[in-house]
Amino acid sequence: MKRINLTGRALSDVALTVFDQSPEAAQELAGKNAPYGLILTTETAYSDLDPELIEKADLIAIDFPAFGDGRGFSLAVRLRKDFNFTGELRATGPVIPDQAQFLLRAGFDSVDTDDARAAAFQKAAGRFTAFYQTDYTGNTSVAHTRHGPSQRERKAS
Amino acid sequence: MYAYDPYDKEIVNTRVEEFRDQVNRRLSGELTEEEFRPLRLMNGLYLQLHAYMLRVAIPYGTLSSVQMRRLALIARKYDKGYGHFTTRQNIQYNWPKLVDTPDILLDLADVEMHAIQTSGNCIRNVTTDQFSGATADEIADPRPYAELIRQWSTFHPEFSFLPRKFKIAITGAPSDRAAVKWHDIGLVVRKNDAGDIGFEVLVGGGMGRTPVIAKTIRDFIPEADLLGYLEAILRVYNEQGRRDNKYKARIKILVEALGSDTFADLVEKEWQTTRHHPIDVPEAEIKRIEAFFAPPPLEVLPEQDPAVDELAANNFLFHAFLKNNVRPHKVPGHVNVTISLKPHGGIPGDATDAQMDLVADLADTYSLGEIRVSHEQNLILPHVARRDLPELYEALSRSGLGTANVGLISDIIACPGLDYCALANARSIPIAQNLAKRFDDITRLQDIGELKVKISGCINSCGHHHAGHIGILGVDRKGEEVYQLLLGGSGAEDASKAQILGPGFDENGIVDAVETVVAVYLGERQDGEKFLETYRRIGADPFKEAVYEAH
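Each protein sequence line maps, in turn, to chains A and B.
The UniProt record's numbering puts the first residue of the first sequence at 1, with every later residue one more than the last.
The UniProt record's numbering puts the first residue of the second sequence at 1, with every later residue one more than the last.
Don't read these hints as lab results, they were simulated from the structure.
For every residue, glycine included, the Cβ atom is placed at its ideal position computed from N, Cα and C.
Any given hint might turn out to be false.
Listed next, with one range per pair, are the computed distances between beta-carbon atoms [to be verified]:
id, chain 1, residue 1, chain 2, residue 2, range
1, A, D50, B, I139, 42 to 52 Å
2, B, E34, A, G8, 27 to 37 Å
3, B, G195, A, D112, 52 to 62 Å
4, B, R209, A, P35, 49 to 59 Å
5, B, G400, A, Q122, 52 to 62 Å
6, B, L49, A, A66, 24 to 34 Å
7, B, E507, A, D48, 51 to 61 Å
8, B, N192, A, A30, 23 to 33 Å
9, A, A118, B, E507, 50 to 60 Å
10, A, Q122, B, E507, 53 to 63 Å
11, A, P94, B, L27, 17 to 27 Å
12, B, E290, A, D112, 37 to 47 Å
Kindly produce the complete structure, drawing on both the sequences and the hints.
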């Protein structure tokens, strides 16, 4: 297994806890004074998440049961957009190298993948350099860049 | 027409390189077919019964003559000399070799075309009215918005792995020629009391094994908020659409399960949280795209032309062509000409490379180099001077493109069916051919009048049988092809679901049954009544009695 760094930020090495959303688990985490990491599945409904627990997490891993389970992308967007999560966001599970740029642009920082796929992941992550959507890596939609530098400052939704 | 700027070019060229890399990895054995499958499917490359099939996007059905010539070249160079125009205003090639597909994409990119998102569980090519920008009955040309949606949906970081495919259609006119109510999202251009442009938004339409007509979730979304609102719809669908069963994964199932009011509330709530973010484009960008679709400089000409009238009086077939294939343009003295790709005995939607080249030449001579593809699988020259019609008709009929049957019973929509498709249960093409043969008389066709026949070779409904005035569905019964007959569907603004009349027929019986249905209509119709109107007035019973009594 290899960890691919998509964004170049310093990756977290905190232990991950499967977050079952129970009040007990939430209380335990809230009482911790040490950094923590959470594992969320694509089944997780964002509306069930505790905003404070999310915001304070050092690392969140979203586990994809299948590469085509696109809920992981919306969940990532939610964490960035609705929970102001600024920690590391990691994709685990059978995601494929050709998704590298989608993951990156939806807000993921890192991916755990088979050694054999690591090189393909790295290559795919930098393939496109122009985009039709403003995203979480700081890329601005060409719809905005076309109309001057003043638009470049805009942030993702 | 829209023209790529350096950004558009870069994105499409990068996609060609990416796909070439993926194909090379497959050819070298680095990727198994199983691993390659999702990658090729994101680029319109299907493995069919006999070969790969490549679906090329024709965004909102608008083509330049240069692009049409390139489609002809690809048919000649990489295929067997023909292509198939589809109900989604795209073109499919049935015989490309895998190793050639990157070069085909390169040839397409050269004329600002691609095959991006023509398959896979993502937002597909946006479709629209084939007469956009050339018809008097529209509030605004919908193509700038379709282009806006094309760009926003291309390689969307969040919405490229949806529960299922996602189709958006938009019409600028109250007369719906784009079947918007049969789409995952249908958009209808509206003008509010202040004179501002916006859109009525419908969701949850679709065909397949569960036909549903879309429901309105918002009467008016302002132009500037369109993409943000679409993003909210897609987010709710991506999160909550079913992923456990592909037949229940389309948005229509979610909207039905939640109820359209609840779905609308969820979308509204999400949209309110994001509407002030820059999903939507600056106004200058809308203006930039609109400028590409500015009305062409057409001279106002007399509505009547003596040469046209004279030919119509002396040439019965030209008279029929004028009546069926020609409709008014918004500029006086001009017309939209529909070129039927439904010659009797031919394959609906197919065109040879020579025919594509000819249409390109005729577009240059008579239609400012512009061509449209309709979801009814015909081609349109949108800006023709009425006085040029005799010459144009002459050129078309010399090449087998003068069939005067647009909107009539032989202007049939048919999917490729079991002749090509890996999903099909039955053949569609021979049924279309036999029907056209049975009604092979222009006088009879015109007497029957507007009648839309739509044939699908399986329940996936690519031939739109649910929306046919007469729909035909091919199914497999213990190894036999059986054809069900449906009546009363509509894909227009008065959308309705066709209903199965009774037990199915074999391939000869279905043609007889259609003829009986037509006979009942002719006997029952009142003055000026079209087939659908008669059916809606008298109901299915008289048809049922006649069809199954005679059978």
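Now the hints, each set against the structure:
no.	hint	result
1	A:D50 / B:I139: 42 to 52 Å	holds (47 Å)
2	B:E34 / A:G8: 27 to 37 Å	holds (32 Å)
3	B:G195 / A:D112: 52 to 62 Å	holds (55 Å)
4	B:R209 / A:P35: 49 to 59 Å	holds (50 Å)
5	B:G400 / A:Q122: 52 to 62 Å	holds (54 Å)
6	B:L49 / A:A66: 24 to 34 Å	holds (27 Å)
7	B:E507 / A:D48: 51 to 61 Å	holds (55 Å)
8	B:N192 / A:A30: 23 to 33 Å	violated (49 Å)
9	A:A118 / B:E507: 50 to 60 Å	holds (55 Å)
10	A:Q122 / B:E507: 53 to 63 Å	holds (55 Å)
11	A:P94 / B:L27: 17 to 27 Å	holds (23 Å)
12	B:E290 / A:D112: 37 to 47 Å	holds (46 Å)
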